[in-house]
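S.K.: Each chain, written out:
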Amino acid sequence: MRLLDLVLLALKTLLKNKLRSGLTILGVVIGIASVTTIVSIGQGGQQLIQDQFANLGTNVIAVIPGSGQSGGVRQGIVPTLTPGDAKALAQECPSIKAVSPLVGAAGQVIGGNSNWKPEQMFGVGPDYLIIRNWPIESGEFFTERDINGATKVCVVGQTIATQLFPGTDAVGQQVRVKNIPFQIIGVLARKGTNMFGQDQDDILLMPYTTVQKRLQGSTFSNLGAILVSATTQELSRQAEQEIRAVLSERHKIAPGHPPDFRVQNTIEALAIMNIVTGSLTAMLAVIAAISLVVGGVGIMNIMLVSVTERTREIGIRMALGARPRDILYQFLVESVVLSSIGGAIGIALGISASAGLAALINKFLPSSNWPFTVSLPAALGAMLFAAIVGVFFGFYPARRASQLDPIEALRYE
Amino acid sequence: MALIELRDLKKIYDLGEIQVAALKGVTLDIHEGEFLALIGPSGSGKSTLMNSLGCLDRPTGGSYRLAGEEVAGLDRNELARLRNRRIGFVFQNFNLLSRTTALENVEAPLLYNRDCPRWERKKRAIKLLERVGLGDRLDHRPNQLSGGQQQRVAIARSLVNRPSILLCDEPTGNLDTRTSREIMAFFRELNRQDGLTVILVTHDLEVARKTDRALVLIDGEVVIDTKDIERAAQVLQRRMRSDEDEGEQS
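Sequence lines, in order, name chains A and B. The first sequence: position 261 = 261 (our numbering), numbered continuously. Counting from 1 along the second sequence, just add 1000 to a position and that's the residue number in our numbering.
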């Protein structure tokens, strides 16, 4: 029999028993739907994490002060990083694209007719925005000259700009922090909330030298952290090693001794997160696949019943010239068509379910910005798997049908 | 060369402890274009012989040549091919595919014939249904047709692959007298006009009387093979009466 004839015959036969066919494929539908949904949700989560890391900046490596030790006295965090360290990193590490010192600050900002306390207030270097992959919307960012002169300029995020100067351009306006007047020279582009629901646009940046000299009023000028951007993602590990080498030498850390700084590689963290979410998704998908196997057993069960019920039909077909192979294919194709239809319905159901879930998450957790992804390979894989289930569980009943004796089958009542 | 050549054909059923010989060595020739009846009481081996002739079953001994081809050694696939191309079956209980239209029933054997292109199937099936007078019942299912109509669908189906032999197992057994007569007349027409070889298996002497040659089978052996149907009928009746007498005595 030709394949087209087999498929048409199978469809005709299945349509004669709509209710039974529907109930038979239910197991496969549920199995494929849950696999599709879980894979889609898992990939959405992975996408979300990747977006968040991208939000953090481009291949960011953070160097923060570690536990220090001087003359046998050990303490937790001591500010061991200096602007000199930052300069050295920029000059000596070939795998590094940009470096920016980071100094924390806090305080109330007074401007226009109101005041505002930014969530984040940092003193940074001119390359900070390159590292954070953050464009400026209007105005400009401060330069090396501002750093050297510790000028009283600042750049603000969208939230501060609208809070202090609603309806007007914040660039060129004056704000006061701790009674020191600063001029706003730029406004950052909107970045939105991060993974933890923190408003990233509630930020004020100024030259780190300005923070040290004018806000902290301290001559003890060590840094809170140094942010580094590796040239490429692939080079992040090498960049990390270069940083360790340069800083160890500058800080005179003897080999084998614990360093007084720590290097946090976000790319490494991303890779680990990917592995965690990936394996979690895989595990859930395997559990869902078990329901698919149960669905397959359901198909086998019905096909066995069907073979017995249609013994006479098999006998007639054999008398008319059907070879055992024709009968085998007839029942096999029937089972594959059943499971494939189940697979198709399951994929459709799974995609709508994951779209619905993504919409639901975004409705109740607007800050999460959950992405809805449909993976074509996953859908095709699920479809293929459904067909394989059909072949696997359809083979035994089909084989039994094909091995019937034509005379016995014709006499069967 | 005869169309069908049986030489000492044997069929022995092995039931473990005992062996039952359903055919004890049948030798006969059937030529193309013959119209004959195979008669005998139940249990005489009629059905076994028919199944062997129809390539549904393999004999356990002897030789069966169909159009010169030895059938005894063929495997299931080759037997299926012979059934599909050379033999048309007509059964007592019609054996139509249920919940399937008359047209699809008649087309069914063509599904297993790769030499018949798709587009030709419907054409052939419709032509045959028109010939048996059911051109207006193409979309009817078996349960929407009378017994006579069902048998005519079955006959159309048996002819669709243009076989050389029509093998009919009690074809009028489930039909009333008038319909039986019509069906028998149609077999005669097929035999005369199309030169089809028609073999009827029956225990009905009235049916047998319409044929040209009768074979009486008793206890797995051909006891008489004659063109004189009345003589065959007498032999059969005498034999059956003596069986009844034996039954009364014991």
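Treat each hint with caution, since some may be false.
Unchecked claim - Here are the simulated DSS-like pairs of lysine-lysine, each with C-alpha atoms no more than 30 Å apart in a straight line: (1) B:Lys1210 to A:Lys12; (2) B:Lys1123 to A:Lys16; (3) B:Lys1227 to A:Lys12; (4) B:Lys1227 to B:Lys1210; (5) A:Lys191 to A:Lys363; (6) A:Lys18 to A:Lys117; (7) B:Lys1227 to A:Lys18; (8) B:Lys1127 to A:Lys16.
Calculated directly from the structure, the hints in this document are not laboratory data.
S.K.: Holds or violated: lysine 1210 (chain B) and lysine 12 (chain A), Cα atoms, limit 30 Å.
M.R.: violated (41 Å)
S.K.: Could you grab the alpha-carbon distance between lysine 1227 (chain B) and lysine 1210 (chain B) and see if it respects the 30 Å cut-off?
M.R.: holds (11 Å)
S.K.: Under the criterion that the straight-line Cα-Cα distance not exceed 30 Å, is the pair lysine 1127 (chain B), lysine 16 (chain A) satisfied?
M.R.: holds (27 Å)
S.K.: Lysine 191 (chain A) and lysine 363 (chain A) were given as a pair; does the straight-line alpha-carbon distance stay at or below 30 Å?
M.R.: With Cα atoms ~20 Å apart, lysine 191 (chain A) and lysine 363 (chain A) stay inside 30 Å; holds.
S.K.: Given the hint that lysine 18 (chain A) pairs with lysine 117 (chain A), test it: the Cα-Cα distance must not exceed 30 Å.
M.R.: violated (67 Å)
S.K.: Holds or violated: are the alpha carbons of lysine 1227 (chain B) and lysine 18 (chain A) at most 30 Å from each other?
M.R.: Between lysine 1227 (chain B) and lysine 18 (chain A) the Cα gap is close to 55 Å, so the pair fails against 30 Å, i.e. violated.
S.K.: Below or equal to 30 Å on CA atoms is what counts here, so check lysine 1227 (chain B) against lysine 12 (chain A).
M.R.: With a Cα-Cα distance of about 48 Å, the restraint between lysine 1227 (chain B) and lysine 12 (chain A) is violated, given a limit of 30 Å.
S.K.: For the pair supplied as a hint, lysine 1123 (chain B) and lysine 16 (chain A), confirm whether the alpha-carbon distance does not exceed 30 Å.
M.R.: holds (25 Å)
The structure shown violates the earlier hints numbered 1, 3, 6, 7.
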